[in-house]
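Going down the list, the sequences are from chains A and B. Heads up: the first sequence begins at 1 in our numbering, then just goes up one per residue. Heads up: the second sequence begins at 322 in our numbering, then just goes up one per residue.
Keep in mind the hints are simulated off the structure, nothing from the lab. Source: prediction; values computed, not measured. Be careful, since some hints might not be right.
Capping the alpha-carbon separation at 30 Å, the derived lysine-lysine pairs in DSS-like fashion look like this [to be verified]:
id	chain 1	residue 1	chain 2	residue 2
1	B	K411	B	K390
2	B	K454	B	K411
3	B	K454	A	K208
4	A	K208	B	K527
Label-pair distances were calculated between CB atoms; the ranges are [stated by the list, open to error]:
id	chain 1	residue 1	chain 2	residue 2	range
5	A	P231	B	L597	44 to 54 Å
6	B	N401	A	D221	20 to 30 Å
7	A	L160	B	V516	52 to 62 Å
8	A	D221	B	I608	31 to 41 Å
9	A	S204	B	T656	50 to 60 Å
10	A	I147	B	E640	50 to 60 Å
11	A	R55	B	H482	38 to 48 Å
12	A	R49	B	G549	44 to 54 Å
13	A	V161	B	T415	39 to 49 Å
14	A	R55	B	T453	50 to 60 Å
Ideal placement from N, C-alpha and C gives every residue a C-beta, glycine not left out.
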Amino acid sequence: MTQPGMPSDRHDGPDTTLEDRDAPDPGVQPGMGHDVAVRTRSQRQLILRRFLQHRLAMVSLVLLLLLVAGSLIGGTLWRYDYAEQLPAFNEPPTWEHPMGIDDIGRDLFAKVLRGAQRSVQVALLVAFLSTTVGTIVGAIAGYYRGIVDSILMRITDLFLVIPSLAVFLLLARIVGGGWFQLALIIAAFFWMPLARIVRAEVLSLREKEYIEAARALGASDLRIIGRHLLPNAIGSIIVNATIVVAVAILTETALSYLGLGIAAPDTSLGLLVSEGQSAFKTRPHLFYWPGFLIITIALTVNFVGDGLRDAFDPRQKRVRQ
Amino acid sequence: MIGATTSTNTDPVLEVEDLTVSFPTDDGLVEAVRGVSWSLGPGRVLGIVGESGSGKSVSANALMGLLPKNARISGQARFNGDELLAMSDKELATLRGSRLAMIFQDPMTSLNPVYRIGWQISEAIRLHDDVTKAEARDRSIELLRTVGIPNAEERVDNYPHEFSGGMRQRVVIAIGMANNPDVIIADEPTTALDVTVQAQVLDALKAARDATGAAMILITHDLGVVAGSADDVVVMYAGTGVEIGSVDDIYYEPRHPYTLGLLGSLPRMDQKSRRLTPIKGSPPSMIGIGVKCQFAPRCPLATDICWQEEPPLYPTDTEGHVSACHHWESLREVTDPSQVFTPVEIDGGSEDEVVAAPDPSIRPDDEPPGEEASS
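Please build the complete structure, drawing on both the sequences and the hints.
Now the structure itself:
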């Protein structure tokens with residue numbers, strides 16, 4: 001099997017006639033036989049190009065990256081710590097404290113940075129976990145069909161009908177208020193839509209002839225799923241993941257607001273909104289800054305998701321201006 | 322050109338015996354393949370011809386183990402002495418793509434759109450052979466050259482959508498021959514292609530065979546393709562082989578009325594003004610097939626025995642040429658299809674409603690119906 005099956009001098013033989021036959025046929029090889037240099041773009045390059053030219057998505061992406069980077073490392077750079085008790089309290093914004101100081105003497109900017117960090121961490125972990133689980137469940141269900149499909153999809157249905165808020169309430173009491181636990185709990189209720197999407201994609205893709213061809217080549221099930229089916233479904237998976245990030249950040253906010261999520265002394269954007277609303281009339285900046293950040297992150301993530309969806313859509317021939 | 326690699330006294334590389342495939346459906350059991358037998362010698366080309374639904378593709382997929390799980394398969398298929406139909410999917414997977422390769426019908430869909438073709442050929446090589454990526458890539462370029470792709474060094478990095486249909490089919494052929502298989506099964510390799518490209522693809526197939534020494538099963542409904550490429554022919558009708566023989570036997574001395582009808586419905590350039598003689602009616606439904614000659618309802622030669630007994634494969638005058646027709650001997654005298662089948666009217670005027678005469682003379686050459694039809 002390893003021997004060079006075809007010695008190269010073979011082409012001096014009858015095969016050259018094959019190549020000759022193609023030469024005068026321009027229809028077969030657009031651009032190749034001539035001096036016209038047609039730069040061929042790969043699918044990946046085309047998608048990237050379409051995405052880069054989607055203005056709203058690009059602006060959102062830059063803003064989002066700044067926000068995420070700022071929230072993840074900003075806390076360590078800022079001159080105050082979020083838990084540090086300052087001698088002053090209840091101060092309006094100044095140059096020293098851009099967002100003011102809260103009622104127990106902590107720098108609000110430091111708290112917002114810390115809160116955004118926790119919220120973003122939770123959202124990214126939720127997106128990662130739910131995408132992984134959803135993709136695996138959907139791919140297995142769609143590929144093997146039959147009884148495997150039925151069992152996995154009924155489990156998916158079950159998770160969809162469980163009132164998640166009640167479960168959040170229960171679990172939050174049990175596992176406490178760490179951001180990691182919170183992410184696990186949220187992710188447990190976020191994988192189902194993707195599982196259904198991936199299953200539907202795989203069900204249709206598995207009937208393609210190239211999948212049968214891969215099987216005829218001796219490829220294993222795992223290889224067919226991982227190397228042939230999922231790369232063809234990657235568009236839906238990525239787009240769904242971005243949507244999950246946005247929804248997860250809002251869910252985390254809501255849970256923390258209700259007191260079921262991240263608990264003091266740690267903080268998150270939702271918790272900050274909740275703390276700030278009591279002073280809404282007198283010191284609105286306590287409420288507005290975290291709220292503004294929540295909306296900005298959720299909105300930019302959604303716009304990026306929109307841009308990605310357009311970029312992956314093969315029918316989108318024209319690049320949006 | 323034909324039979325250059327023939328060596329008759331070696332054991333067949335693939336031997337199929339009484340292969341039967343059926344699918345349970347809500348309407349009943351669909352008997353897609355009903356006991357077909359043939360053998361393929363090393364380096365030979367076996368053409369399997371028949372119309373849609375005659376069981377050609379199903380029998381090939383059964384050999385490759387690519388049928389859906391609900392398919393019921395019986396019979397024997399010895400590949401280099403090993404029983405294919407008894408193998409587990411895992412054992413088959415090691416054979417597929419390495420010793421047994423398959424080329425699919427539609428090149429527009431049989432390549433994965435998200436990978437470069439070099440990746441896809443390399444995958445075929447690396448699935449069965451422990452070589453580095455660079456070696457696999459060199460080999461891929463080599464293979465692309467063999468099947469006649471110009472600028473193989475550059476084209477290896479192209480995606481399938483950058484190739485035309487004929488070029489893609491060559492890539493598919495290159496993948497099929499990547500591991501020097503013993504048998505290449507080509508399932509209608511030219512059907513989805515333009516007529517002008519078909520010849521090029523057949524040349525590429527021949528180049529692949531020459532390079533690997535593989536035997537080939539050429540499944541097609543195009544008699545012209547078989548005539549030009551095959552050594553032996555199996556004519557399939559209603560799930561079984563009705564006539565088997567060398568390509569010359571089948572074309573010059575057909576001993577089954579179905580084969581004769583197929584030849585008669587083929588326009589030919591090498592015979593002066595000849596009316597086409599279509600076979601009237603359509604193939605039977607494959608559900609609830611009774612014991613009879615399945616071709617009888619469409620056959621002008623059918624007699625009582627045809628409706629009562631399914632004909633076995635009778636040996637004919639030439640060795641290795643068999644025909645499943647009770648009346649094969651009466652076809653000895655037939656030189657032209659119009660002696661058995663009614664030629665078409667040129668104006669397309671009123672046609673006989675009768676599909677097949679219920680009790681015609683067994684010797685059709687005594688009263689050739691071709692004369693009266695052209696009046």
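The hints, checked one at a time:
{"no.": "1", "hint": "K411/B with K390/B", "in the structure": "holds (15 Å)"}
{"no.": "2", "hint": "K454/B with K411/B", "in the structure": "holds (25 Å)"}
{"no.": "3", "hint": "K454/B with K208/A", "in the structure": "holds (27 Å)"}
{"no.": "4", "hint": "K208/A with K527/B", "in the structure": "holds (27 Å)"}
{"no.": "5", "hint": "P231/A with L597/B: 44 to 54 Å", "in the structure": "holds (49 Å)"}
{"no.": "6", "hint": "N401/B with D221/A: 20 to 30 Å", "in the structure": "holds (26 Å)"}
{"no.": "7", "hint": "L160/A with V516/B: 52 to 62 Å", "in the structure": "holds (53 Å)"}
{"no.": "8", "hint": "D221/A with I608/B: 31 to 41 Å", "in the structure": "holds (32 Å)"}
{"no.": "9", "hint": "S204/A with T656/B: 50 to 60 Å", "in the structure": "holds (53 Å)"}
{"no.": "10", "hint": "I147/A with E640/B: 50 to 60 Å", "in the structure": "holds (52 Å)"}
{"no.": "11", "hint": "R55/A with H482/B: 38 to 48 Å", "in the structure": "violated (27 Å)"}
{"no.": "12", "hint": "R49/A with G549/B: 44 to 54 Å", "in the structure": "holds (46 Å)"}
{"no.": "13", "hint": "V161/A with T415/B: 39 to 49 Å", "in the structure": "holds (45 Å)"}
{"no.": "14", "hint": "R55/A with T453/B: 50 to 60 Å", "in the structure": "violated (44 Å)"}
Checked against the numbered hints above, the structure breaks hints 11, 14 and satisfies the rest.
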